[in-house]
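Line order of the protein sequences matches chains A and B.
When the letters of the first sequence are read in order and numbered with our numbering, they come out as residues 1 to 218.
When the letters of the second sequence are read in order and numbered with our numbering, they come out as residues 1 to 133.
Derived by calculation from the structure, the hints in this document are not laboratory data.
The beta carbon of each residue, even a glycine, is placed where N, CA and C say it ideally should be.
Fair warning: there could be bad hints in the mix.
[Stated by the list, open to error] Computed beta-carbon distance windows for the label pairs:
#1 A:Leu96 <-> B:Arg118: 46 to 54 Å
#2 A:Leu46 <-> B:Gly43: 15 to 23 Å
#3 A:Pro185 <-> B:Leu85: 25 to 33 Å
#4 B:Leu133 <-> A:Gln144: 44 to 52 Å
#5 A:Gly2 <-> B:Glu132: 34 to 42 Å
#6 A:Ala15 <-> B:Pro95: 28 to 36 Å
#7 B:Ala78 <-> A:Thr146: 35 to 43 Å
#8 B:Phe9 <-> A:Arg88: 42 to 50 Å
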Amino acid sequence: MGAGVCFVASSALRASFLKYFFLNLYVILSLFADLLRQVILRFYGLDSPQYMYAYFYTDCLLTVALFVAVISLASRVFAELNLAKYVRFVAVLLLLGTAGFTYAVVAQSSERLGTRFAVELSQNLYFVGLVLTYLLWGAVLKLQETRTRLVQMVLSLGLYFSAYAGSYALVNLAPKYEIVQYIAPVLGCFLPISWAITLMRHSEDSRLVPARLVAVPR
Amino acid sequence: MMAAFILAFSLLTLLMFFVSYCRSLTASSLHTSITEDVRDVTGIQVRAVGRDYARVMQILQLCPDRPEDRSGLHIVGAYYSFLNLLDQGFAKLFPAVRSWAEEERAGCAHYAAVALGRRIALNREMLAQQVEL
Numbered sequence: 001m002g003a004g005v006c007f008v009a010s011s012a013l014r015a016s017f018l019k020y021f022f023l024n025l026y027v028i029l030s031l032f033a034d035l036l037r038q039v040i041l042r043f044y045g046l047d048s049p050q051y052m053y054a055y056f057y058t059d060c061l062l063t064v065a066l067f068v069a070v071i072s073l074a075s076r077v078f079a080e081l082n083l084a085k086y087v088r089f090v091a092v093l094l095l096l097g098t099a100g101f102t103y104a105v106v107a108q109s110s111e112r113l114g115t116r117f118a119v120e121l122s123q124n125l126y127f128v129g130l131v132l133t134y135l136l137w138g139a140v141l142k143l144q145e146t147r148t149r150l151v152q153m154v155l156s157l158g159l160y161f162s163a164y165a166g167s168y169a170l171v172n173l174a175p176k177y178e179i180v181q182y183i184a185p186v187l188g189c190f191l192p193i194s195w196a197i198t199l200m201r202h203s204e205d206s207r208l209v210p211a212r213l214v215a216v217p218r
Numbered sequence: 001m002m003a004a005f006i007l008a009f010s011l012l013t014l015l016m017f018f019v020s021y022c023r024s025l026t027a028s029s030l031h032t033s034i035t036e037d038v039r040d041v042t043g044i045q046v047r048a049v050g051r052d053y054a055r056v057m058q059i060l061q062l063c064p065d066r067p068e069d070r071s072g073l074h075i076v077g078a079y080y081s082f083l084n085l086l087d088q089g090f091a092k093l094f095p096a097v098r099s100w101a102e103e104e105r106a107g108c109a110h111y112a113a114v115a116l117g118r119r120i121a122l123n124r125e126m127l128a129q130q131v132e133l
């Protein structure tokens, strides 16, 4: 929670709140989600259906917000090519497509539709977001993006998604080791902290050498 | 099987993003040249090389801390250790790794030298304030 407050505060301090509005929105929503989960956990307990509903619905909302944050970074990358509106159009199509696909899968299930839909949509959108981040990084390299803030924010997202997917796989591979269950919550702090560091360290005008970004120069 | 594949893939991409993130950090310092003060103190001649990193870091510890630099220096320090590990582990098998790692370590040394320049400037500023008082 402290990490989220730190990011929102630093973007307000550096007058970048509106410039990175959707990143801020995601972090603010995650703060509210944490608060809501805490309140419901205290009143109803961990095994209650109320906590389960609150957890999965807020998780779904956060995944949609993270998806929008990824798209907002993508439209900034493509803005100079005047492709931002197409990026947004494709994003809406992707969102609707993912929701439609999820609904088609869930409609065949006999469980409570709403909750199952929220869980499935969250997982599918997460996967779409992950693939989009990799594509976005490819675009950053191809377009020789020089804006330091933008580059580091995309890289932070890439690190977050990779580490999160890895920790998810590790939980499945080695569920008996308790430590792997703590990796995901720790990773949750990483994104706002790294974004905050980027905002504090670099100004909007800060530029870097694009050739230095490729891991192995050609 | 699927989980193992996802783990291997995510570790690879994690490594790729980590290297790129660290390169973006070191690249952001490339626009700043190493100051005369730093050259005098560290003995860096024209440009920093990989082996300068350890000496620059030693001198950095002696200067007053700048909280803004702390996280970047930690990450670049981790990257430098990773490069050393890579050099020791793979340089015999793939000689190209050695030259690449050396180039990267030089970037780390430059980043640390630029941070040292900022700390020396801060030190001077603090000294001047004390003199004024």
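Structure-based check of all given hints:
Evaluation of the 46 to 54 Å hint for A:Leu96 and B:Arg118 yields a pass: the beta carbon distance comes to about 49 Å. A hinted range of 15 to 23 Å is violated for the C-beta pair A:Leu46 and B:Gly43, which are about 60 Å apart. Look at A:Pro185 against B:Leu85: about 28 Å separates their beta carbons, and that is inside 25 to 33 Å. Taking the beta carbon of each, B:Leu133 and A:Gln144 are about 50 Å apart, inside 44 to 52 Å as hinted.
Distance hint check: the CB atoms of A:Gly2 and B:Glu132 are about 37 Å apart, consistent with the given range 34 to 42 Å. Here the CB-CB span from A:Ala15 to B:Pro95 is close to 49 Å, at odds with the stated 28 to 36 Å. Checked against the given bound of 35 to 43 Å, the beta carbons of B:Ala78 and A:Thr146, roughly 25 Å apart, lie outside it. Taken as a hint, the range 42 to 50 Å is violated for the pair B:Phe9 and A:Arg88, whose Cβ atoms sit roughly 29 Å apart.
The earlier numbered hints that this structure contradicts are 2, 6, 7 and 8.
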